[in-house]
Amino acid sequence: MIKVNNIQKSFDGTLVLNGITTSFEKGKTNLIIGQSGSGKTVFVKCLLGLITPDEGTISYNGKIYSELTPDEQRDLRQEMGMVFQGSALFDSMTVEGNIMFPLEMFTKQSKSEMQDRVDFVLKRVNLLDANHKFPSEISGGMQKRVAIGRAIVMNPKYLFCDEPNSGLDPKTAILIDNLIHEITEEYDITTVINTHDMNSVMEIGEKIIFLKDGVKEWEGTNKEIFKTDNEAITNFVYSSELFKKVRQMYIEERN
Amino acid sequence: MNYISSIGSYAIMIREVFKKPTKWRIMKALILKEIDELIFGSVGILIFISFFIGGVVAIQTALNITNDLIPKNLVGFATRQSIILEFAPTFCSIIMAGKVGSYITSSIGTMRVTEQIDALEVMGVNALNYLVFPKIIALLLYPFLIAIAMNVGIFGGWVAGVFGGFSTSADFVEGLQLDFIPFHVEYAFIKTLVFAFILATIPSFHGFYMKGGALEVGKAATTSFVWTSVVIIILNYILTQLLLG
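Taken in sequence, the protein lines are chains R and D.
Position 17 of the first sequence, counting from 1, maps to 36 under my numbering, and the rest follow consecutively.
Position 96 of the second sequence, counting from 1, maps to 117 under my numbering, and the rest follow consecutively.
Possibly wrong hints are sitting among the right ones.
[Claimed, not checked] Computed cross-link-like contacts, BS3-like style, restricted to lysine-lysine with a CA-CA straight-line distance of at most 30 Å:
no., chain 1, residue 1, chain 2, residue 2
1, R, K263, R, K246
2, D, K54, R, K176
3, R, K64, R, K82
4, D, K93, R, K127
5, D, K93, R, K130
6, R, K152, D, K54
7, D, K40, R, K176
Keep in mind that the hints were calculated from the coordinates and are not lab data.
Bear in mind the structure is a predicted one, so any value in this text is a computation, not a measurement.
Model the full assembly from the supplied sequences, consistent with the hints where possible.
Okay, structure coming up:
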């Protein structure tokens, strides 16, 4: 479980995150949503320890990150997996090399043990045919699946995804969403996804945090998002005509 | 103030490079890859440039000997001294700042832009050790490149001097052997080792701490070339004063 307590972060005098307090539960798919510039990426980078908040604390299973020594922080990071917006795969390595990288760096497994684990992960993310290809030779959706594979190969306790389906077609985006959701349940991981994709919100958002101008404006589930009267989130989620109609239908059905 | 802050950041970077080393099995492969790219990849260009610069030094020296009292072996002597003392260690390092330096800055800078460095850090890898340390070790072989440059440069001088009709082979070789001070070669290699460290670290610094996108990667490569050259020229002066002054 991740607990965030009143974190603040500013850059050059501009407050980007302002007093955010929340928690992310184990085995659930947690979503951070908000408009571009609302502080989502900074928030996720704070959770990852890539950015240090000016105030407030973040704790992982009771361990407060800022109170750990640099070595303990590095050890904790090895329990985290991250899927970056642009996948961030290592260009010089094949798909297999990318997934094997954390195993080579941090485990004492033999080559065959590592290969078995990589094959298992490749099968899990449906990429068995692409293991000897380089990132530049595969599609955006496949790159995302490699990034997910690399993030889960070490059995992480925490999985962070920064806009995992940006730039993907709707069908592939749903596949990626479902894959992350299944992996979260299967391995009992605390997953935090930063997105502004409304399909993800409706499909996999077990807990949703809505950020507006660096402030937590709303918190709830994808079921509750239909019922909320919060104007800011309603304007954000139902900005498209399609979702306005879906909501109208839901309300009519309920009445 | 900005410069002081950059010098401080550079010093912190150097400290971090030697902290929490990467597994030897992985590091060994990285070092071999860097030797291939940084050292073997530069042999051709340095041989090409050294040969012609050696030739030009010989021709210009010969053309400036207008007094009959000046011995003809001066062509070989001046070529040897210019190549060993300055051209091979310093001029080649400036060329390397352009070739190897921009490669290092742009490759690390691209990794920064595409979040590959963030990915390393999130995994708990010491990204500076992983990326910069193999380059420092690979460039420890840089003096071998400079030794090749010295030999080829002198050979270029001999070819230009003898076949251009500016000197006889005997005069040129006599000049090469005249008043030879072995410490001059040591001095050249000491400079080369210092420059090798600069060539590995300053471009890495500019790549690692760059911000922005593809355009900024290009700008960082240019800035890195300028600063690497400036530092090499300043250190060349300081080392010459300390070792020969």
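So, going through the hints one by one against the coordinates:
Restraint check: the Cα-Cα separation between K263(R) and K246(R) comes to about 13 Å, which is no more than 30 Å; the hinted pair holds. Proposed proximity of K54(D) and K176(R) is contradicted: the alpha carbons are some 34 Å apart, above 30 Å. With a CA separation close to 18 Å, the supplied pair K64(R) and K82(R) stays within the 30 Å bound. In summary, the hint linking K93(D) to K127(R) is not supported, as the alpha carbons are separated by about 67 Å, beyond the 30 Å threshold.
The straight-line distance between the Cα atoms of K93(D) and K130(R) is roughly 66 Å, outside the 30 Å bound, and the hint therefore fails. Our distance criterion of 30 Å between C-alpha atoms is met by K152(R) and K54(D), whose separation comes to about 20 Å. Taken as a hint, the K40(D) and K176(R) pair is honoured in the structure, with Cα atoms around 26 Å apart against an allowance of 30 Å.
In summary, the structure is inconsistent with hints 2, 4 and 5 from the numbered list given earlier, while agreeing with the others.
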